[in-house]
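> Residue strings, one per chain:
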Amino acid sequence: MSDALKIDDFKGPVHPDWCPGCGDYGVLKALKEAAVALQIPPHKLMVVSGIGCSSNLPGFINAYGAHTLHGRAVPVASGARLANTDLHVVITGGDGDGYGLGLGHLIHAMRRNLNLTYIVMDNQIYGLTTGQTSPTSMLSHRTKTTPRGNVEQPINPIGLALISGATYVARGFSGNPKQLTELIAGGISHAGLALIDVFSPCVTWNKVNTYAWFRERVYDLSQEGHDPANWSVAMEKALQWGDRIPTGLIYQTYRPTYEEAEPVLGKGPLVAQDLGINQSLLDQFLAETM
Amino acid sequence: MSDALKIDDFKGPVHPDWCPGCGDYGVLKALKEAAVALQIPPHKLMVVSGIGCSSNLPGFINAYGAHTLHGRAVPVASGARLANTDLHVVITGGDGDGYGLGLGHLIHAMRRNLNLTYIVMDNQIYGLTTGQTSPTSMLSHRTKTTPRGNVEQPINPIGLALISGATYVARGFSGNPKQLTELIAGGISHAGLALIDVFSPCVTWNKVNTYAWFRERVYDLSQEGHDPANWSVAMEKALQWGDRIPTGLIYQTYRPTYEEAEPVLGKGPLVAQDLGINQSLLDQFLAETM
Amino acid sequence: MKADQSSGVIVGIAGAAGDGLDKTGDTLARTASRLGLSVFAYNSYQSIIRGGHIWLRIRLAEGKVTNHGDALHALMVLNQDSLERHVAEVEPGGVVFYDRDRVRPVPTLMRREVQEFGLPVRELAQPFGKVPAVMQNAVLLGAMLFWLEFEFAVTREVLQDTFAHKSPEIAHQNTALAQAGYQYAEQNALRPVGLSWDFGRIRRPFVTGNEALAMGAVAGGCKFYAAYPMTPASSILHWLVAHSEAAGVLVKQAEDELAVINMAIGASLSGVRAMGGTSGGGFALMSEAIGLAAMLEAPVVIVNSQRGGPSTGLPTKTGQEDLNQVLGASQGDYPRIVMAPYNTRDAYYSAAEALNLAERFQCPVIILSDLLLSEHPETLEPSDLQAALPIDRGHLLAEAPVGYKRYQMTTDGISPRVLPGTPGTTFVAASDEHDEEGNVISDQFTNAPLRRKMHEKRMRKMDGVLPLLEPPCLAGPQDAEVTLVGWGSTWGAIQEAVTQLAADGIVANHLHLKYLIPFHRDHVRKILSGSRQIAVVENNISGQFARHLLAETGIRPAHLILKYDGEPFRPREITIQTLAIVEGKPHTLGVLEHEAREIAYHHIRIHLDDRCRPSELVRRAMAEQTTPVWHTTIVDRDTAAVTGTLLIDAETGATLQWLPA
Amino acid sequence: MKADQSSGVIVGIAGAAGDGLDKTGDTLARTASRLGLSVFAYNSYQSIIRGGHIWLRIRLAEGKVTNHGDALHALMVLNQDSLERHVAEVEPGGVVFYDRDRVRPVPTLMRREVQEFGLPVRELAQPFGKVPAVMQNAVLLGAMLFWLEFEFAVTREVLQDTFAHKSPEIAHQNTALAQAGYQYAEQNALRPVGLSWDFGRIRRPFVTGNEALAMGAVAGGCKFYAAYPMTPASSILHWLVAHSEAAGVLVKQAEDELAVINMAIGASLSGVRAMGGTSGGGFALMSEAIGLAAMLEAPVVIVNSQRGGPSTGLPTKTGQEDLNQVLGASQGDYPRIVMAPYNTRDAYYSAAEALNLAERFQCPVIILSDLLLSEHPETLEPSDLQAALPIDRGHLLAEAPVGYKRYQMTTDGISPRVLPGTPGTTFVAASDEHDEEGNVISDQFTNAPLRRKMHEKRMRKMDGVLPLLEPPCLAGPQDAEVTLVGWGSTWGAIQEAVTQLAADGIVANHLHLKYLIPFHRDHVRKILSGSRQIAVVENNISGQFARHLLAETGIRPAHLILKYDGEPFRPREITIQTLAIVEGKPHTLGVLEHEAREIAYHHIRIHLDDRCRPSELVRRAMAEQTTPVWHTTIVDRDTAAVTGTLLIDAETGATLQWLPA
Ligand SMILES: Cc1ncc(C[n+]2csc(CCOP(=O)(O)OP(=O)(O)O)c2C)c(N)n1
Ligand SMILES: Cc1ncc(C[n+]2csc(CCOP(=O)(O)OP(=O)(O)O)c2C)c(N)n1
Ligand code: SF4
Ligand code: SF4
Ligand SMILES: [Mg+2]
Ligand SMILES: [Mg+2]
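Protein chains in written order, with this note's numbering: chain Y, 678 to 967; chain V, 678 to 967; chain D, 4 to 664; chain X, 4 to 664.
One or more of the hints may lead you astray.
[As the list claims (entries may be wrong)] When the alpha-carbon atoms are kept at most 30 Å apart in a straight line, the in silico BS3-like pairs for lysine-lysine are as follows:
#1 LYS408/X - LYS683/V
#2 LYS588/X - LYS588/D
#3 LYS133/X - LYS884/Y
#4 LYS408/D - LYS683/Y
#5 LYS529/D - LYS588/X
#6 LYS706/Y - LYS683/Y
#7 LYS884/V - LYS133/D
#8 LYS133/D - LYS26/D
#9 LYS884/V - LYS26/D
#10 LYS944/V - LYS884/V
#11 LYS408/D - LYS706/Y
#12 LYS721/Y - LYS408/D
#13 LYS588/X - LYS5/X
#14 LYS408/X - LYS721/V
#15 LYS5/D - LYS588/D
#16 LYS408/X - LYS688/V
#17 LYS5/D - LYS26/D
#18 LYS855/V - LYS688/V
#19 LYS884/V - LYS706/V
#20 LYS517/X - LYS408/X
#21 LYS169/D - LYS884/V
#22 LYS529/D - LYS529/X
#23 LYS688/V - LYS706/V
#24 LYS721/V - LYS706/V
#25 LYS721/Y - LYS688/Y
#26 LYS169/X - LYS884/Y
#27 LYS408/D - LYS688/Y
#28 LYS855/V - LYS721/V
#29 LYS706/V - LYS26/X
#30 LYS884/Y - LYS26/X
#31 LYS855/Y - LYS721/Y
[Stated by the list, open to error] Derived list of chain X stretches under chain D, where covered just means 3 residues or more per stretch with a C-beta under 8 Å from a C-beta of chain D:
#32 118 to 127
#33 282 to 291
#34 391 to 399
Just so you know, these hints were derived from the structure itself, not from any lab.
Quick reminder that beta carbons are idealized off the backbone N, C-alpha and C, glycines included.
Starting from the given sequences, assemble the full structure and let the hints guide the process.
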């Protein structure tokens, strides 16, 4: 036990560049705690992000990582995972990144059911670009680009996940680190795609959806006897918003992962397989054409 | 009544280039019939498509049109509609176009609730590119790119529409032209975004989801006392697949359209508004900076 | 040009999509190939699944042929439209095969001494039960085989092999039909082509550029291929997916091209050789991530198989129109390598080479192919494709040294790589500017000098590339009258044009570029400085390569030989333009008679019914027009009575007016 | 360089994001502007919302200034890091303002004769109640105003106007704090700058390039603007959304850049003037649709405001790195226009001109801006921006003539346009190749000659563009020793460099290009043929414009003056490099002492704690190294005791080794 991994083993090379009080600190901590709980060595963990305040996370944890393009973390992570199924691949990013530009990839990834854990730091705003409306900004929210209030119905990430075939669907709150750690650890352990939408307040640009705002509203599904195996109930929970907002594991199910269905991976991780071709196989390929 | 519009008024300049028996013929006909039913003059109708067999439709109807990029019909149509709210803007395209490459745009358009009618000719295959798997190809479907059978859970367009805030959600079958005409006319009349997913068999590449396959399974919701105002029931219908597949108007509701919420459109269609600025307004803008 | 053994016989098959002419062509090509002939085929088709117009040309010769050639010696047409489109192309001494129940010859369109050979297809097919329409081509094919003086037994074998997995029934039926046509030709005194073939009987692979490229990728260690279907790149995906397990390549059809390249980059970051394929529109979508790969220093190979643009353009037509796009892809400056394989064999080796270069220099490598190269099949020599290729993984470490820095600022710009999963270190590959360890310097750690040095480090990698690439060399005599400069798939046609020019008494030479970035600046400058006249040959309207050449070498080619109508060059087109250059004749963009005729056909197809066709065309000045006009008489197909006159602007190509008779 | 009225006083304010220094700077700039001075400010900031390092420079002068200048005459620092980063830059005779409770001066870093002026901020703020940290800057500002010899009353007015909408309370508090600083300076014998300002007291607009461009778009009839936030284009979106109703522009924040441009194209098809804005990465995503606009002949204007790349690169830093990308955007050849405004005033007119050109030629127009031009504010003359601009909608018909063809093949390539909604005709705008009526010819109607002529028709439009664009002209004497060639936002710095060179006895002239496509080939060739030496000045590593120049004119500039560290050129940097060129001195990429110092600071920030800093640097050859090394002594901030030595490669910039003492 003495060489068990501790949280300090995941300490990143630099201090985060987030504003003091930013919700993303809580997510970073919970991710580290989850890695500790699962005893994943840093070199087996790969954290992939897009662009945004939240997407800076990979730089702040001791793990392999990729900090890619705005909206493209999901396909990069998908490739990384397919190429090396020995890695635990976690995606971290923002609501703009994941539900705006990257929405199509996310839905396709969910129906594909790759073994990925996707943590969205959902602050309902574009943080890094200084406070524009985001796909999860609430109706009437006045932001830099909606001075008269947002008129587009926000994305429902939980509902989308449920309808798109995600096999692990959860919502966390960075004000509840214990629950968040469990949700993330659960997501990483889960065989299949896990989407964890996390309320992660932007203390600088979002003056509506603050810690206090969430504290008044969130409740923990696990304390209300919620059955995460029941899709219909999960969908009901997905629709709940307002005075009471559910958090916790909303839905979990099992179906074959994409990796399991891919015969080429039967021979082990792609990265460890042989390269090239021998003449007899090439001749066989050529013979087909004659 | 003598100068009422007839179906021949919508006859396009050329004969469609679809394969004989393609489901898209039925959709074209139904669209024309709907225009006749609504007596929309051809010059007030604008049909926008992406790329695919189905997306060739605008060329085959007498109306203004745009035949754009694969997956981008929705934003082009959105711009066209915002710029001229006197036009009825109908989007026509395929499942690959709309639910593959274009999925993100679609979901954002649905939550935006622009007054657009989107008809997806869903043949569960990529027709024009010769038979690859599509986002709606069923599990196990063997296509050119899934020789061992598709392993990705198909997109559920109806469910996605419901969760994304579409205000008119319907499913048609090109084998049932009467119903389809009504659904399209209903969609065009509807104030807000209408998504009409149409089973439109590809007789060349999809040997599974044929006319016969659908005929055995589809039923008409309107004949079963379905209440299209009930979201939860609509969601149940969205999940129904297999022996019985519902068609008809699945869900309809009303909320302000984007156009209604946009103050600049208060002065009438953008295309008819004045251009330029006068010196006093410019001076006012400049004064803000001094 | 008459058919002969060495320059070959060229046969054409024309019909509509869905007529099954690809199968017919395949049977012919395989028969020839099994007999030991070289084959080069090119299929000109449209973006339509059924109907439209398909035009397949197959060139057969004893020696290697590198393009689909100029002449047309035999034509098989499956409908009237096809006959009218192509019959005028048949060389004197040639032959036209058709089903006389469906097609009526138009003698006025034919050149002299062309045999008309109509077969009573329905009657001949009768004895063999219910025969689907697409199978009836076999009757015409049989006659053509007789004309070609091929042994029927070989075709029988081919048909058996082809349909073996379907049913022996179908194989048998096809064979019987072809044989009926063969015999009918024999019995009805069809005059054969008259060549004394020396059949080598060596079996040769008959592969397309995409198949070769896919096999080359496998040989080169590609383990991950992602794509979204797009003509003309799709068949790489199709081949790889079909051979995925055997070849050990994980193949992923993604939701769009953005996903394609980003998945490939992800796979590359994890350490496998990854590739993606697309055409111009998909490449445009990928362009942001090309820069990402460069910034992350993730090796990745992207194939852009070009087609006619701009935009959706001509999805099933060829072009070399994406050079500008590839040169400009993505924001900022970054290292990358661009190569354009010049033939099918080269496509195989290019794929493997690209994978090596990508890993060696940890940067994106782009393979610029095009529809011609991607899709045309040709026979290769059995020894052309060698399986054992060097796999150079570059500076890849199995273990992380102490103090390891992923983006170490080295003198050659190459930073040793360890892969995620390696114990003892970690790093983040970041798209923001970063320090040697990968920490971003776009935020709190802003640092102008570090940025400068890291930017230089990346760019410095390019210095190492050129020495590894084989320099171009001049084919033909140094002191030729004209130097033809080409790149990519035009190689075969230019090469043959040089031979044709020699026959016309003009000494030309040929410089062909495969590597576009980096560019063999000094070599090319040296070679071209000895040239008397330079003409760049390319398949686009603006001379994209000529511009690149100027920007790289300072040499402005005096002449451009361009083609941008969607069709690949025929050698003779290059020859004719070269002759005009040598003779100092001006090049005009005016509408030629046969082009005006085609424009008239278009008007008829859209606006007049199928019962008429253009007959005479006269070019005239008109009072109200500053430009001359083609007066095109349109006649009834049956009665030849004049239906009216169509006026076509002989400069702009505009259809000006339709004057009914 | 000493401060003077005409070349101006340059003050710097340095701190962290969130320190409120933008407000402080704004108050200063507005005060100066209201006094009648010209102001040019440049803010160098990072991609971080709080913390990091912000570096704002404000140049104040009686006459117009066109750039942020070279020297630094006064410095206000809000934290220790900022002091250490910038104090060495303060000119002899200058002054440093700081809060003496938070910042400690480092005399060894300072140049001679620099006044150290620490204020007891906490104490001075005491009387005014609970003052938020960000407001305490006002105290330092007050002292600076005294030093500048500005009238305090004007600042009072500015503060009142600025905070009027918030609360009179805050306005009052701010004023009191500033006044306290002002008085403290007076009482503590701060030596003022010593200029006898001639305040013109003309109020001038103080606008950024993006604001000017947004206003110009409104003046030019833009009715639809779509964007997705992206630095440095975002503030166009912000300005337009805030003024949307007043200006009558429908502004749409879309879900991504693909949607942005496609929405703009849709709006354009419906007939409104539409524009979109982004930076390089977003432009990459748009590139497919740029070709779409060209193919549909849909007028659309896209602003690409460049930042440092490649990839995410330096999101808040400037660069001119996207010229290649813009030249290469999208597959195929197609007509388009590219222009790069050269200053704020020009940004206004460029937007309107771009909208006119787009409609006149029915093609995409790209405006290449950059972070410097987009974000820096400067004072304009009140008459600079004229509201009444010509709006040329090109060949737009209100009614459809009989036989109307949307894509008519005209001699100038421009086909008359009718808009959807017009009775009497209909057409489809198709991205596939099409005939004059818009019917696609990529399918059943395949037609090579029609394709050729339609492709030529589109491209022919370009012939009409150049005559409408103002040709570039040479500034300065014809027979100068060296010609500086620039494009876009570098105009101001190059202009001033020419003046500086004159002072150094070197006659230089200046050719500045605004229009990049089409290119004034003949004009430029003629102008440059008279040049003795040509140096291209640009903000990128590869000389993208120099390559373009060569490709367009055949002229290869002998020299490149490049900067690619994210910062805009200062005039003196250009002057120095020009002098080196004239003197034939070689340019080296080696790491200079101050750069090695910054690299050492980076190492300290990441690996050592904040208690040490670099002191002496010595450049030495080392036995094991082929390249020389900067031996950097690191000392304790408090005790100045040596902590260790850091070795930095003087060629590559690599941090080689840390040797603790
Ligand atoms: C293609 C592209 N478009 C736009 C941007 C600019 N951009 C950077 S971050 C961001 C949004 C950030 O919002 P979110 O993803 O919610 O992250 P947050 O900062 O709120 O954590 C945007 C628009 C970009 N980097 N790339
Ligand atoms: C960016 C881009 N990628 C790929 C293509 C190639 N492509 C054309 S149509 C098509 C799919 C068509 O499928 P669908 O939308 O379902 O239409 P269908 O032909 O089945 O009606 C594809 C992949 C393209 N035109 N553009
Ligand atoms: S701006 Fe918002 S999201 Fe970004 S670091 Fe600050 S608090 Fe967090
Ligand atoms: S390929 Fe399929 S979808 Fe396309 S036209 Fe033919 S039947 Fe219709
Ligand atoms: Mg956010
Ligand atoms: Mg489809």
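> Decide, hint by hint, whether the structure agrees.
Checked hints:
1. LYS408/X - LYS683/V: holds, 24 Å
2. LYS588/X - LYS588/D: violated, 50 Å
3. LYS133/X - LYS884/Y: Holds - the C-alpha atoms of LYS884/Y and LYS133/X are around 22 Å apart, at most 30 Å.
4. LYS408/D - LYS683/Y: holds, 24 Å
5. LYS529/D - LYS588/X: holds, 29 Å
6. LYS706/Y - LYS683/Y: Measuring from Cα to Cα gives roughly 12 Å; hence the hint holds.
7. LYS884/V - LYS133/D: holds, 22 Å
8. LYS133/D - LYS26/D: It holds: about 19 Å lies between the C-alpha atoms, which stays within 30 Å.
9. LYS884/V - LYS26/D: OK: LYS884/V and LYS26/D at ~21 Å, within 30 Å.
10. LYS944/V - LYS884/V: Outside the cut-off at roughly 52 Å; violated.
11. LYS408/D - LYS706/Y: holds, 25 Å
12. LYS721/Y - LYS408/D: Within the cut-off at roughly 18 Å; holds.
13. LYS588/X - LYS5/X: holds, 28 Å
14. LYS408/X - LYS721/V: Holds - the C-alpha atoms of LYS721/V and LYS408/X are around 18 Å apart, at most 30 Å.
15. LYS5/D - LYS588/D: Answer holds: LYS5/D to LYS588/D is near 28 Å, not above 30 Å.
16. LYS408/X - LYS688/V: holds, 17 Å
17. LYS5/D - LYS26/D: holds, 27 Å
18. LYS855/V - LYS688/V: Cα-Cα ~19 Å, so holds.
19. LYS884/V - LYS706/V: With Cα atoms ~23 Å apart, LYS884/V and LYS706/V stay inside 30 Å; holds.
20. LYS517/X - LYS408/X: violated, 35 Å
21. LYS169/D - LYS884/V: holds, 17 Å
22. LYS529/D - LYS529/X: Since the Cα atoms of LYS529/D and LYS529/X sit roughly 28 Å apart, the hinted pair holds (cutoff 30 Å).
23. LYS688/V - LYS706/V: holds, 10 Å
24. LYS721/V - LYS706/V: Within the cut-off at roughly 18 Å; holds.
25. LYS721/Y - LYS688/Y: Since the Cα atoms of LYS721/Y and LYS688/Y sit roughly 15 Å apart, the hinted pair holds (cutoff 30 Å).
26. LYS169/X - LYS884/Y: The hint holds at about 17 Å.
27. LYS408/D - LYS688/Y: holds, 17 Å
28. LYS855/V - LYS721/V: Holds - the C-alpha atoms of LYS721/V and LYS855/V are around 23 Å apart, at most 30 Å.
29. LYS706/V - LYS26/X: violated, 63 Å
30. LYS884/Y - LYS26/X: Since the Cα atoms of LYS884/Y and LYS26/X sit roughly 21 Å apart, the hinted pair holds (cutoff 30 Å).
31. LYS855/Y - LYS721/Y: holds, 23 Å
32. 118 to 127: violated (count 0)
33. 282 to 291: It holds, with 8 qualifying residues against the three required.
34. 391 to 399: Not satisfied, violated; 0 residues make the cut.
Checked against the numbered hints given earlier, this structure breaks hints 2, 10, 20, 29, 32 and 34; the rest are met.
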